[in-house]
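Read off the chains here:
There are 2 protein chains.
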Amino acid sequence: MEKVNLAEKLASIHDHWNPRVVGELNGQEIRLVKFAGEFIWHRHENEDEMFMVLKGRFTMEFRDRKVRVEEGEFLIVPRGVEHRPVAIDEVDVLLFEPATTLNTGNIVDAHTRRHLEHI
Amino acid sequence: MEKVNLAEKLASIHDHWNPRVVGELNGQEIRLVKFAGEFIWHRHENEDEMFMVLKGRFTMEFRDRKVRVEEGEFLIVPRGVEHRPVAIDEVDVLLFEPATTLNTGNIVDAHTRRHLEHI
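Chains as they are written, first to last, in the numbering used here: chain A, 1 to 119; chain B, 1 to 119.
There is no bait here: all hints are sound.
Pairs involving identical chains hold if they fit within one copy or between any two copies, as the list cannot separate such chains.
Derived BS3-like pairs: lysine-lysine, alpha-carbon spacing no greater than 27 Å straight-line:
id : residue 1 : residue 2
1  : Lys-66    : Lys-55
2  : Lys-9     : Lys-66
3  : Lys-66    : Lys-3
4  : Lys-55    : Lys-9
5  : Lys-3     : Lys-55
Quick caveat, the hints were computed from the structure, so don't treat them as lab data. Since we're looking at a predicted model, the values are computed, not measured.
My request is simple: use the sequences and hints to build the entire structure.
Written out as structure tokens, the structure reads:
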């Protein structure tokens, strides 16, 4: 039962698209990740995902539209929906999602991170 | 799939200890609440709770110690652990917890909110 300081954890992350686990509860994880550039199109068959912007902004692309998510905003992407996050500049994002969630969903490629570091 | 702006939602909350639901995913809810003063001692038998401070600070009291949670920090209280939040000044808090979580846990009194408003 130690509190977690988000800024301290974020300061230790020096790469992109590589989520770290900073909290676990009820089978869910709180993850921190930095985005920069374009990710890949993917979907999660069994998991809804929440993206909360802590610093910066990014665009969540869907097949039929785009949603720009700014600092202090969050977006929930329901299971089954294809999406692709795109960040022009680096952005700090907090994720809430089931511990089973693979970052690239139904796609496995060089972006896939199967074993997330706990920081 | 609409994004949620936390400041806009918080601006519509004018009472204390009355959580509002602002997001739902994977059987969990994202709730916003303002604390001020002392809450009651309680525990949740089956739910872990996450408290993230968006603005201000509060103290989570446990039977054997206290943890001060500041803006930009979060604390996870595991199921079964008695706790009591205390805020000297008003504080904006984001909760992430199962949709089944009753705000007063094992206690039912005037603080209990059985049907949370979705805003």
